[in-house]
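Heads up: the sequence lines are chains Z and C, in that order.
Here the first sequence stands for residues 1 to 286, numbered as in my numbering.
Here the second sequence stands for residues 1 to 286, numbered as in my numbering.
Rather than coming from a laboratory, the hints here were simulated on the basis of the structure.
Don't take each hint at face value.
Intra- or inter-copy, both count: the list cannot distinguish identical chains.
Derived pair list, reagent style DSS-like, types lysine-lysine, alpha-carbon separation capped at 25 Å [said to hold, decoys possible]: (1) 256 to 279; (2) 279 to 217; (3) 217 to 39; (4) 200 to 260; (5) 217 to 138; (6) 64 to 39; (7) 138 to 28; (8) 200 to 276.
Bear in mind the structure is a predicted one, so any value in this text is a computation, not a measurement.
Number of protein chains: 2
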Amino acid sequence: MEVDFINITIVGLGLIGGSIAKSLSKNKKYKIYAIDTNKNTIEKAYKDMVIHNNVVEETNLLEKSDVTIICLYPNDAIEFIKKNMKNFKSNSIITDTCGLKTKILSSIKNIIRRDITFIGGHPMAGRELNGYDNSYAKLFDGSNYILVNTEGSESRTHELIEIISDIGNINIVISKSSNHDNMVAYTSHLPHILACALSKSPYNYKAISNFSGGSFKDSIRVGDINSMLWTDLILDNKENLIDSIEMFEENLRGIKSIIKNGNRNELMDTLNESKKNVKLIKGERM
Amino acid sequence: MEVDFINITIVGLGLIGGSIAKSLSKNKKYKIYAIDTNKNTIEKAYKDMVIHNNVVEETNLLEKSDVTIICLYPNDAIEFIKKNMKNFKSNSIITDTCGLKTKILSSIKNIIRRDITFIGGHPMAGRELNGYDNSYAKLFDGSNYILVNTEGSESRTHELIEIISDIGNINIVISKSSNHDNMVAYTSHLPHILACALSKSPYNYKAISNFSGGSFKDSIRVGDINSMLWTDLILDNKENLIDSIEMFEENLRGIKSIIKNGNRNELMDTLNESKKNVKLIKGERM
Numbered sequence: 001m002e003v004d005f006i007n008i009t010i011v012g013l014g015l016i017g018g019s020i021a022k023s024l025s026k027n028k029k030y031k032i033y034a035i036d037t038n039k040n041t042i043e044k045a046y047k048d049m050v051i052h053n054n055v056v057e058e059t060n061l062l063e064k065s066d067v068t069i070i071c072l073y074p075n076d077a078i079e080f081i082k083k084n085m086k087n088f089k090s091n092s093i094i095t096d097t098c099g100l101k102t103k104i105l106s107s108i109k110n111i112i113r114r115d116i117t118f119i120g121g122h123p124m125a126g127r128e129l130n131g132y133d134n135s136y137a138k139l140f141d142g143s144n145y146i147l148v149n150t151e152g153s154e155s156r157t158h159e160l161i162e163i164i165s166d167i168g169n170i171n172i173v174i175s176k177s178s179n180h181d182n183m184v185a186y187t188s189h190l191p192h193i194l195a196c197a198l199s200k201s202p203y204n205y206k207a208i209s210n211f212s213g214g215s216f217k218d219s220i221r222v223g224d225i226n227s228m229l230w231t232d233l234i235l236d237n238k239e240n241l242i243d244s245i246e247m248f249e250e251n252l253r254g255i256k257s258i259i260k261n262g263n264r265n266e267l268m269d270t271l272n273e274s275k276k277n278v279k280l281i282k283g284e285r286m
Numbered sequence: 001m002e003v004d005f006i007n008i009t010i011v012g013l014g015l016i017g018g019s020i021a022k023s024l025s026k027n028k029k030y031k032i033y034a035i036d037t038n039k040n041t042i043e044k045a046y047k048d049m050v051i052h053n054n055v056v057e058e059t060n061l062l063e064k065s066d067v068t069i070i071c072l073y074p075n076d077a078i079e080f081i082k083k084n085m086k087n088f089k090s091n092s093i094i095t096d097t098c099g100l101k102t103k104i105l106s107s108i109k110n111i112i113r114r115d116i117t118f119i120g121g122h123p124m125a126g127r128e129l130n131g132y133d134n135s136y137a138k139l140f141d142g143s144n145y146i147l148v149n150t151e152g153s154e155s156r157t158h159e160l161i162e163i164i165s166d167i168g169n170i171n172i173v174i175s176k177s178s179n180h181d182n183m184v185a186y187t188s189h190l191p192h193i194l195a196c197a198l199s200k201s202p203y204n205y206k207a208i209s210n211f212s213g214g215s216f217k218d219s220i221r222v223g224d225i226n227s228m229l230w231t232d233l234i235l236d237n238k239e240n241l242i243d244s245i246e247m248f249e250e251n252l253r254g255i256k257s258i259i260k261n262g263n264r265n266e267l268m269d270t271l272n273e274s275k276k277n278v279k280l281i282k283g284e285r286m
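The whole structure should be built from the sequences, with the hints applied where relevant.
What follows is the structure, given as C-alpha cells:
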C-alpha cells in the first residue's frame with residue numbers, strides 16, 4: 001500500500017467495531033472511518049476523535065479504504081459485502097469479525113471480485129455489555145485473534161496481520177474455517193450453553209446469590225447472553241456444538257459415576273487429572 | 001467480653017486463616033494469635049505483625065482466647081476440637097471455616113462443653129493458590145460468609161457477627177446446616193465438577209488455548225482443584241451433589257434437544273430465560 005497512511009473503514013461501530021476503532025485510531029499509520037446505521041454513534045465517535053468521518057457516505061468511504069473491517073452480525077455482514085461488492089477499492093482487503101467462519105467464507109467465495117482479498121477474522125474477546133459506549137481500546141489485550149484464509153488470500157495475510165497486531169497485545173492464530181468452527185464449538189459455544197443450563201434451578205435468586213462464591217459467578221457469567229446473536233451462532237454451528245455437548249455429557253456422567261461409587265482414590269485421580277489439564281491449557285508448569 | 005481487647009486464636013494459617021488474621025490484625029480491638037504445624041509460617045506471620053505469638057503454646061493460647069477460629073480441613077478441624085476440648089476458655093466461642101456444615105456440627109454436638117458455644121462458619125471466598133504466602137487481607141471483600149447455629153448458640157451469634165463483619169466488606173448469611181450443604185452442592189460443588197468435566201477433551205492443550213476466550217477460561221478456572229480437600233467435600237456431600245448434577249444434566253439435555261430440533265424461536269426463548277435468570281441472580285434490573 002503505497003500511501004503515507006492506511007485507510008481503514010470499520011462497518012458497525014458496536015462493542016467490537018468500536019474497540020477496534022479506538023485502538024487503531026491511536027496509531028498515526030491509520031486513518032479510521034466508520035459506517036453505522038446509527039447517526040448518533042458516528043457523530044459521537046467523530047467527536048471522540050476515534051474516526052475521521054462525521055457522516056456516512058458509504059460508497060465514498062469504501063472506494064478509498066485499503067482495508068474494510070466488517071463488524072456486523074453474520075447475516076448482515078454477508079448482506080453488506082454483497083450489496084457493496086462494486087464499491088470496494090481495487091486491491092483492498094476485506095475482513096470480518098463473525099464468530100463462525102465456514103458460512104461466511106462459503107458465501108463470500110462465490111461473489112468476491114477477483115481484485116479484492118477476503119480474509120476471515122474472529123477476535124475472541126467480548127463482554128456482557130454491547131454497543132459503542134461499552135467499547136474500549138484495550139478490549140483485545142491478552143486475547144486470541146483467529147484469521148482464516150480463503151483460496152488465494154494467503155499471500156496477503158501478512159499485511160492484515162501487521163494491522164491486526166496493532167489492536168493490542170494479542171495472539172494471532174491462523175486456522176482453517178472447519179477447524180475454527182469445530183474448536184469454538186468446544187471453547188466458546190459449549191461454555192455458553194453450560195452457563196445457561198446452570199442458571200436454571202428450583203432455588204430462588206436471593207438464596208442462590210447468598211450462597212454463591214467466585215466459582216458460581218464465573219460459571220454463569222456468559223449465561224447473560226445476547227440471544228439474537230447466539231441463536232444464529234448456535235444454529236449455524238449445530239453439528240459441532242451437539243458433538244461438544246455430548247462429549248461433555250459423557251465426561252460428566254463419568255465423574256458422577258465415580259462420585260456415586262464413592263471410591264476415594266478414583267475420585268482423587270480424576271480431580272488430579274483435571275488439575276493437570278487446566279494447568280496445561282493455561283500453559284502453566286506442573 | 002469485659003476486656004479491653006478480644007483475644008482471637010486462628011488455628012491453621014493457610015489461605016483462609018492467613019487472610020482472616022491479616023484482616024482482623026489491622027483492627028486494634030483484636031489481639032490475634034495463631035496455631036500452625038509449620039513453625040516457619042508462625043514466625044513469618046509474627047514478623048509480618050499479623051499475629052502476637054512467635055511460638056505455638058497451644059494450651060496457653062486456647063485458654064486465653066475469647067474466640068477460636070479453626071481454619072483446618074474438615075476432619076482435622078473435628079480432631080483439633082476433640083483433642084483440645086478441655087483447653088478452650090470458659091464462655092468462649094469456637095467457629096470453623098469448613099465448606100460443609102452438617103458433618104462438623106453433628107460431630108461437635110456430642111462433645112462440646114456446656115460453657116462453650118460452637119457456631120459453624122463458611123467464608124465463601126478462595127483462590128487457586130494455597131497457603132499463608134497467598135493469603136491477603138482483602139480476600140473476603142464482596143463475598144458471602146455463612147454462619148450456622150448449633151442448638152443454643154443463637155443468643156451468641158451477634159457477638160460473632162460483630163467480629164466477622166470486621167474481616168471485610170462481606171454479606172453475612174445465617175443458615176441451617178442442611179440448607180447450607182444443599183445450596184453449596186449447587187452453587188459451589190457443581191461448578192467445580194463442571195469445570196473438571198470441561199477440562200477433558202480430545203484436543204491438544206495448545207489448540208484449546210489458541211481458541212479460548214474469556215468464557216472458556218472462566219469456565220475451567222476452578223478445575224485447577226485442590227484434590228485432597230475436594231475429594232472429602234464431594235464425598236461428604238455426595239447425595240446433594242448427585243441431585244444437583246442430575247438437575248443440571250436435565251437442563252443440558254433440554255437445551256440440547258432444542259438445538260437439535262433447530263427451532264429458532266424456542267432457542268431464543270431459552271437464551272432469553274437464561275439471560276433473565278443470570279440478571280436476577282446478580283441482582284441486576286432487567
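Each hint tested on the structure:
1. Taking the shortest Cα distances, residue 256 and residue 279 sit within 25 Å of each other inside one copy (23 Å), while across copies they are farther apart (29 Å).
2. When the C-alpha separation of residue 279 and residue 217 is checked against a cutoff of 25 Å, the pair qualifies both within a copy, at 21 Å, and between copies, at 11 Å.
3. With identical chains, the CA atoms of residue 217 and residue 39 are never at most 25 Å apart, being 37 Å at best within one copy and 36 Å at best between copies.
4. Within a single copy, residue 200 and residue 260 get their C-alpha atoms as close as 23 Å, and across copies as close as 20 Å, so both meet the 25 Å cut-off.
5. In this assembly of identical chains, the alpha carbons of residue 217 and residue 138 lie at most 25 Å apart whether taken from the same copy (23 Å) or from different copies (18 Å).
6. Taking CA atoms no more than 25 Å apart as the test, residue 64 paired with residue 39 passes inside one copy only; the shortest distance there is 21 Å, against 71 Å between copies.
7. When the C-alpha separation of residue 138 and residue 28 is checked against a cutoff of 25 Å, the pair qualifies only within one copy, where the shortest distance is 17 Å, while the shortest distance between copies is 42 Å.
8. For a Cα distance limit of 25 Å, the shortest separation of residue 200 from residue 276 across copies, 10 Å, qualifies, whereas the shortest one inside one copy, 30 Å, does not.
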